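Residue numbers (my numbering), protein chains in the order written: chain A, 3 to 252; chain B, 20 to 289.
Just so you know, the hints here were simulated from the structure itself, not pulled from any lab data.
Remember, predicted model here, so these are calculated numbers, not experimental data.
One should not assume that every hint holds.
Sample of chain B residues lacking proximity to chain A, with all beta carbon distances greater than 12 Å (derived) [what the hints assert, rightly or not]:
(1) Cys28
(2) Ile32
(3) Leu168
(4) Ser222
Listed next, the in silico EDC-like pairs over lysine to aspartate or glutamate satisfying Cα-Cα at most 20 Å (straight line) [claimed, not checked]:
(5) A:Lys140 - B:Glu221
(6) A:Lys37 - A:Asp175
(7) A:Lys37 - A:Asp192
(8) A:Lys29 - A:Asp63
(9) A:Lys140 - B:Asp110
(10) A:Lys37 - A:Asp193
Idealized CB from N, CA, C, for every residue including glycine.
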Amino acid sequence: MNEDANGAAILGVTGLSYGYGQGFALKDVNLTIGKGEFLVLLGPNGAGKTTLFSLITRLYDAHQGQVAVLGHDLHRQPGRALAAMGVVFQQPTLDLDLTVMQNLLYHAALHGMPNSVARQRVAEELGRLEMAERGGEKVRQLNGGHRRRVEIARALLHRPRVLLLDEPTVGLDVPTRQTIVEHVHRLAQDDGIAVFWATHLIDEIAESDSVMVLHQGTVRAAGSVDAVVAAAGGTTLLEAFSMLTKGPGA
Amino acid sequence: MTPIQYYRCLAGIVVREALRFLHQRERFVAALVRPLVWLLIFGAGFRNVLGVSIIPPYETYIVYEVYIVPGLMGMIQLFNGMQSSLSMVYDREMGSMRTLLVSPLPRWYLLVCKLLAGVAVSILQVYAFLGICLAFGVDLPLLGLVSILPLLIVSGLMLGGLGMLLSSWIRQLENFAGIMNFVIFPMFFLSSALYPLWRMRESSELLYWICAVNPFTHAVETLRHALYGQMNWPMAGFTVLALLAFVGGAIWAYDPTRGMLSRRAGPPGG
């Protein structure tokens, strides 16, 4: 298990289950992410990835199990847990009629940040994404790739220890996807941010990433790329993914 | 989290709501046209048909336009409250609600901030409307424009709370039309906004009682008295009770442990 200097995992999920109506959307999910670790949640559409994100971000509470961020239980200490979390949702969540700067300052206010600090961090984060000049533009004027970059910048404003991204490259062209994937990998390597990245696209995974394969609400395999390939008995990750997501969940 | 962080959060939400409002000029115009149509057309047409006897807080005979001004102030806040709830359903469908709900501040506080932001916008609309009333020569006490302010906050929170509670039950934007028909219109017409309750009693005892328990009636009567520098404690007290019930219900409905949000949202796709 990867742990930070205090001995606690940055993000820890234990025995998490959730159901809609009669069936289970998630069953007994366990995971830990440590400092600088890049964990890819790999699963086909409908696997339960967004449900898992919704539970980790407390949009709704788990029926069973526990989520902890830096050792803070999400149910008992939601404020401390959410303060350490940056989130990029699958759906775009920017206000199209406001400028990039207004959207980012709104997020900073939601975290109680002073305006001067917020403006400084907005400049830093937009600069890192080569968007420093675009703060005054309305989000509606930006293309999909730039909107995604703004959402990533927004998720980092309050200096989170863990960054969660739910299929952040959906609908983007290949070069834009590549830029975003590389940028987030750098955040993990250079800044030590723990990253939890959900996708169904295998080409977004780097050799050094950890992988968790989710299918029909259950974890089918988890570990390094090599470990997941070996667990499935395949020769490539693509083959392993195909084998692990065939048929009903375990 | 410190008090200053709570304040920054409130300020951020209010600024965002105000910016959104400024960008939607048609919303501002619509918010003013609606009561002005009632005042200038309906009021002119009915001033000779609907006589208003001397009832508190009025000390003399008044023209019909003067009578309906508090009701129209309430109407502005009622529509604004529902508009805010519509925007919450929209935000939830479009995903931007999630940004608000992952803030580390307590969820009840975020919802109250959202309500206060909506109330601030509704108060701007009410004062713009009152300015136009004065310009058209409607006889209103100027001091009353000051004394209504705290009660506009109370009535705005009550009606915004109702909108927020309803928004937690509406699964899709399309369902909102039903709310307009089944909430806004009955609330407005089954109240003392357009006619005194004694007139309604002359027509139907049942309708009178429905009007008498309608929280919108209490809000309108509270504002009517405040406009003349009077405090109608029973009416204001009932409005506060309704406020607590609606806001409490909305906070309950948006509590993640209740799962209301998840049931409304259904299973996600990913």
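Evaluation of the provided hints:
1. Cys28: violated (6 Å)
2. Ile32: Non-interface label on Ile32 of chain B violated, nearest chain A Cβ at 7 Å vs cutoff 12 Å.
3. Leu168: Holds, since 25 Å exceeds 12 Å.
4. Ser222: holds (46 Å)
5. A:Lys140 - B:Glu221: The hint is violated at about 57 Å.
6. A:Lys37 - A:Asp175: violated (30 Å)
7. A:Lys37 - A:Asp192: The given pair, whose Cα atoms are some 11 Å apart, holds under the 20 Å limit.
8. A:Lys29 - A:Asp63: holds (14 Å)
9. A:Lys140 - B:Asp110: With Cα atoms ~18 Å apart, Lys140 of chain A and Asp110 of chain B stay inside 20 Å; holds.
10. A:Lys37 - A:Asp193: Roughly 9 Å separates the two Cα atoms, so the pair holds.
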